[in-house]
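I would like the entire structure built from these sequences, with the hints used as guidance.
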Amino acid sequence: MAVLRDLRVLRGYKFLKMISLSQVCKRYPGGLEALKDITFTIETGEMVFVTGHSGAGKSTLLNLIAAIESPSSGSIIVNGQNLSQLRPAAIPFLRRNFGLIFQDHRLLYDRSVFDNVMLPLEITGFDQGEAAKRVRAALDKVGLLGREKTMPIALSGGEQQRLCIARAIVHRPAILLADEPTGNLDSAYASEILEMFKSFNQVGVTVLISTHDERLIERFSARTLRLQHGELLT
Amino acid sequence: MNRHWRTINTVLRRFAATPLATLLTLCVIGIALSLPAGLYLLLSNLNQAVGGLDAEPQISLFLKLDASKNVIRQIETRLKANPGVKSYRFIEREQALKELSASSGLADVTAGLTHNPLPDAYVINTFENDPTLLEKLRAEAASWPGVETAELDSSWARRLDALLGLGRKITLIVAILLSFGLIAGTGNTIRLQILTRQEEIEVSKLIGATDRFIRLPFLYHGALQGLLGALAGWAIISASAYILNGNIAQLASFYSSTFQLELLDPAETTALLAFSALLGWVGAYLAVGHFLRHFHLSHR
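Protein chains in written order, with the numbering used here: chain A, 1 to 234; chain G, 1001 to 1300.
Be careful, since some hints might not be right.
[Unchecked claim] Derived CB-CB ranges, DEER-like:
#1 195(A) - 1198(G): 30 to 36 Å
#2 1192(G) - 94(A): 28 to 34 Å
#3 1180(G) - 40(A): 52 to 58 Å
#4 143(A) - 1274(G): 47 to 53 Å
#5 93(A) - 1267(G): 41 to 47 Å
#6 1292(G) - 53(A): 33 to 39 Å
#7 93(A) - 1166(G): 52 to 58 Å
#8 104(A) - 1028(G): 21 to 27 Å
[What the hints assert, rightly or not] Non-contacting residues of chain A with respect to chain G, defined by C-beta distances greater than 12 Å in every case (computed):
#9 20
#10 23
#11 40
#12 63
#13 124
#14 128
#15 134
#16 141
#17 148
#18 157
#19 189
#20 214
#21 219
#22 224
#23 229
#24 234
Quick caveat, the hints were computed from the structure, so don't treat them as lab data. Note that the structure is predicted; figures quoted are calculated from it, not measured. Glycine residues also receive a C-beta, built at the ideal position from the N, C-alpha and C atoms.
And the structure:
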């Protein structure tokens, strides 16, 4: 942790805050207010849960941070960049700060496990030989080394989720955003996945996990943001 | 560069994965291209066939059969003095008869003649190309004493020239129309490609792919499709020329000619392939551009 603190000092103050929301509102056409006046800060290297009933606004919050949706008002700053001031052409480069993990995995079923994990490195134009090493390292971390040539459809639900995680970490992002990563998994598998997130967090990755599973949160000591009907409970 | 080769490889594998659809698309492109390219080939061959003929305007003066040496000399003086006349050639009637019997296999007919029916003649080349001025010169020469008739000789060659010009224009119009057709057709196949790869595009965008990255495989798809389609078109034209050449050789032999259809030369073939690839690329670019402008990541 001492190294991490030094790193923060080195990088300057603004990078102490990895994610910072200020008075963020999100209204959908038709009047639904998904998020109301949300203000919070997540520091570099922090691990935070977002929890709440379904429809509380967890997914919307994650979408706003990843610039998948834009807020109706308020400002969002990620890794020193104000999202509302980003040109559309800069958004892909912002997204490379993130590793995104989806409840429904969003794997590509027409290519192998290896090629799925390769995709982020292809996108960033990584050198092929180095990329292959990284892909194997990522698959090793999630325990899928040796299944490289398998097609994702042949994997179990838990394995597919781990494949999704390997794809999210292969380009070594600063932030992991996980939307209900344990939603479809039994509790033994779910804790295993959360342990994985914890290990990423320990090497300095900022982790933001949305979940409706309170029992899981109790087992892991981490800050928790509670959403209810689009409002942040304190 | 590495990425481009891998993309081309991926696109070719996608072609191979749907052989029937690919074959049909390539056939459509090939047929669409073979029409203007075939017309072009036909016209350039025709042009070559008649290229040996003199399209320069000529006026033939046929003298009266009883024109005396004196009258002929007078005409020559007039021709020399006329500023519109570039050059002239005198053809004596005896020589004309000899040429006639030698050239066109009419020896039997001419041999049966009791006397030479041909007149002395002058063949005049002019400076002017303009039909009205030529006509004026022809009318003037026709009124000279000793001249029976004066004819504008090259008119048929000029008519052929005009017809070839018309043909070229028609080819151009067909080519332009079919180019738009190809762009639209490629755009449509790329649109279908995009629809089947929407999940891939969405995931790629979510993990930081630029529009450039997403566009590249589709651009290669369009360009390669155009290139392979042009190859199919080239094959269609070549096969057609091969089939027609038997009949053409027969037809040409009646005119004691050894005329054969020439195929597209390497430069023309390269131009055809490159142009078709370019059209495919443009069609793909438009289709992906339209898609990306209207594409928004779905929120879940």
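Each hint, compared with the structure:
1. 195(A) - 1198(G): 30 to 36 Å: holds, 35 Å
2. 1192(G) - 94(A): 28 to 34 Å: holds, 31 Å
3. 1180(G) - 40(A): 52 to 58 Å: The hint (52 to 58 Å, Cβ to Cβ) holds, given that residue 1180(G) and residue 40(A) are roughly 55 Å apart.
4. 143(A) - 1274(G): 47 to 53 Å: holds, 51 Å
5. 93(A) - 1267(G): 41 to 47 Å: holds, 44 Å
6. 1292(G) - 53(A): 33 to 39 Å: Holds - the Cβ-Cβ distance for residue 1292(G) and residue 53(A), about 36 Å, lies within 33 to 39 Å.
7. 93(A) - 1166(G): 52 to 58 Å: holds, 57 Å
8. 104(A) - 1028(G): 21 to 27 Å: violated, 38 Å
9. 20: holds, 21 Å
10. 23: At about 21 Å from chain G, residue 23(A) clears the 12 Å cut-off, so the statement holds.
11. 40: Holds, because the least Cβ-Cβ distance between residue 40(A) and chain G comes to about 20 Å, which exceeds 12 Å.
12. 63: Non-interface label fails for residue 63(A): nearest chain G Cβ at 5 Å, not farther than 12 Å.
13. 124: For residue 124(A), whose nearest Cβ neighbour in chain G is about 7 Å away, the distance does not exceed 12 Å, so it is violated.
14. 128: At about 6 Å from chain G, residue 128(A) fails to clear the 12 Å cut-off, so the statement is violated.
15. 134: holds, 14 Å
16. 141: holds, 18 Å
17. 148: About 18 Å separates residue 148(A) from the closest Cβ of chain G, which puts it past 12 Å; holds.
18. 157: holds, 17 Å
19. 189: Non-interface label on residue 189(A) holds, nearest chain G Cβ at 22 Å vs cutoff 12 Å.
20. 214: Holds: least Cβ distance 22 Å, greater than 12 Å.
21. 219: Holds, since 26 Å exceeds 12 Å.
22. 224: holds, 22 Å
23. 229: Label holds. Min Cβ-Cβ 18 Å, cutoff 12 Å.
24. 234: holds, 26 Å
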